[in-house]
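Asks: Sequence:
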Amino acid sequence: MSTRTGNRDLTKGAVWQVILRFAFPLLLGNLLQQLYNVTDSVIVGQFLGKQALAAVSASFFIYYFIISLVIGIGSGTSVVISQFFGAKQYEKVQKAFSSFFIFMLVAGILLSIAGIIFAKPMFKLTNTPEDVIPYAVSYFRIYVGGTFLFVTFNSVISILRGVGESVRPMLFILLTTVLNVVLDLLFIAVFHWGIEGAARATVIAQGIGMCVALVYVNNAHPLLSIKKKDLLFDMGLFKEGLRIGLPTSVQQCAIALGLIALLGIVNGFGTDTLTAYGAAGKIDTIIIQAVLTFSGALAAFCGQNIGAGRFDRVREGVKFAMLVNFLLSLATFTAIYFFGDKMMLAFTRDPNVIAIGQEYLLIMGGFFIVHGGLNIFNGALRGAGDTFFTMIVSLTSLWLIRIPLASWFSSIWGRVGIWWAIGASLCIGLTMTYIYYRLGLWKNKGAVRKQNRD
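Under the working numbering, the first residue of the sequence shown carries the number 715, and numbering increases by one thereafter.
Note that these hints are calculated values from the structure, not bench results. Since we're looking at a predicted model, the values are computed, not measured. Some hints could be false.
Straight-line alpha carbon distances no greater than 30 Å define the calculated BS3-like cross-link-like pairs of lysine-lysine that follow [claimed, not checked]:
| hint | residue 1 | residue 2 |
| --- | --- | --- |
| 1 | Lys-1157 | Lys-809 |
| 2 | Lys-838 | Lys-1033 |
| 3 | Lys-1157 | Lys-802 |
| 4 | Lys-838 | Lys-726 |
| 5 | Lys-1157 | Lys-726 |
| 6 | Lys-726 | Lys-1033 |
| 7 | Lys-834 | Lys-726 |
| 8 | Lys-1157 | Lys-1056 |
Please construct the entire structure, taking both the sequences and the accompanying hints into account.
Replies: Pasting the structure below:
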């Protein structure tokens, strides 16, 4: 089968050049996606006040929990497709994608219904401040109603990256980002629809992005097609994706629950702390995105090279990514040190919220290199199909370390203890993951090798 239209073979060429060529459009796409996520917060914070901004922040963590199951399964299927592509087994690429898309569509619809029904109880359960709950419920019910659009759009983006295509996913995300900004301003500043307008803007932008992405894969891509005649559910390939993705799903669910538990601790310090935590967390995510991008690039790079039996290239790729991690972490911490307070001004003019946000950014900035290193090794292990160990590490560092330490430290040092607990858990997680990577037990976890043995 032809591999025209931009699919990239990551098993040939100088490792650093291959990774950079693939990662650069991926980085732009991820930055655009983060900008997309941040748009609601910035516009809501500037036009509707800190209660509405806090509502968007609280909604994010609960929404992340709702979609965490399908995110994990999607990552597993992306790895399977990447490995089949690297092994030149192109007929299995389309079957796996079709099976994955059908699952994501059905799961997205069910999650939308569940989120609408249980919105208010979830905010009550997380100890959300009473002055924030009405805003949060109004925003969340509309936002979660578009879950099926979000997961199907991102499934197409994920699979395109899995077969080595990173430019068009970036363009699709650029389209949705621009639409979201325009519609946010239109619905909030012109139509005065309040926080519901921000949610509607996101859902509409996601829907248009999904339609454009589907038109592309159906009409211009030889490996990926989900036209009616191609919509087949292959249980064998889906089970293989499930085998790799289920540990990640459990991991994502546990992480989401942990973030909600942590949110409950943060909420105990009031609306200002919740607002600052949400806004500074988005800044944190944007700044470190360059490092985190290498995790996604490595997953595709390692998946293809493991499928081709090129473990030497996998090791080279990890070393190069760690060098980039060191340089970028140094640069991003410097940016936060000098401009952290000015970054917070994009979200709010409240001096107390800005001060709390800057405090968070300075502490977390010191752990950027640890965070980036952990994600790089996780990316390599995901590309190998070894997701069980990363699940164990995530559960251990979050539930046995981060949450207990956050509760303990915050009782001694106040809210600042929460930020230090997050950093401590990242350090322990990186140590465990690095030792496992060095042991090399991940080398026989690939889908291609497993199927060949069967």
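Asks: Would you mind confirming whether the straight-line C-alpha gap from Lys-838 to Lys-726 stays at or under 30 Å?
Replies: Since the Cα atoms of Lys-838 and Lys-726 sit roughly 53 Å apart, the hinted pair is violated (cutoff 30 Å).
Asks: Does Lys-726 sit within 30 Å of Lys-834, going by the straight-line distance between their CA atoms?
Replies: Cα-Cα ~52 Å, so violated.
Asks: Between Lys-1157 and Lys-809, does the CA-CA distance stay at or below 30 Å?
Replies: Measuring from Cα to Cα gives roughly 25 Å; hence the hint holds.
Asks: Checking one constraint from the list: CA of Lys-1157 to CA of Lys-1056, max 30 Å. Satisfied?
Replies: With a Cα-Cα distance of about 46 Å, the restraint between Lys-1157 and Lys-1056 is violated, given a limit of 30 Å.
Asks: Hinted pair, alpha-carbon criterion (30 Å max): Lys-838, Lys-1033. Please report holds or violated.
Replies: Status violated; Cα separation ~46 Å.
Asks: Below or equal to 30 Å on CA atoms is what counts here, so check Lys-1157 against Lys-726.
Replies: 20 Å, holds
Asks: Between the alpha carbons of Lys-726 and Lys-1033, is the straight-line distance 30 Å or under?
Replies: 17 Å, holds
Asks: If you draw a straight line from the CA of Lys-1157 to the CA of Lys-802, is it 30 Å or shorter?
Replies: At roughly 19 Å apart (the allowed maximum being 30 Å), Lys-802 and Lys-1157 satisfy the hint.
When held up to the earlier numbered hints, the structure conflicts with 2, 4, 7 and 8 and fits the remainder.
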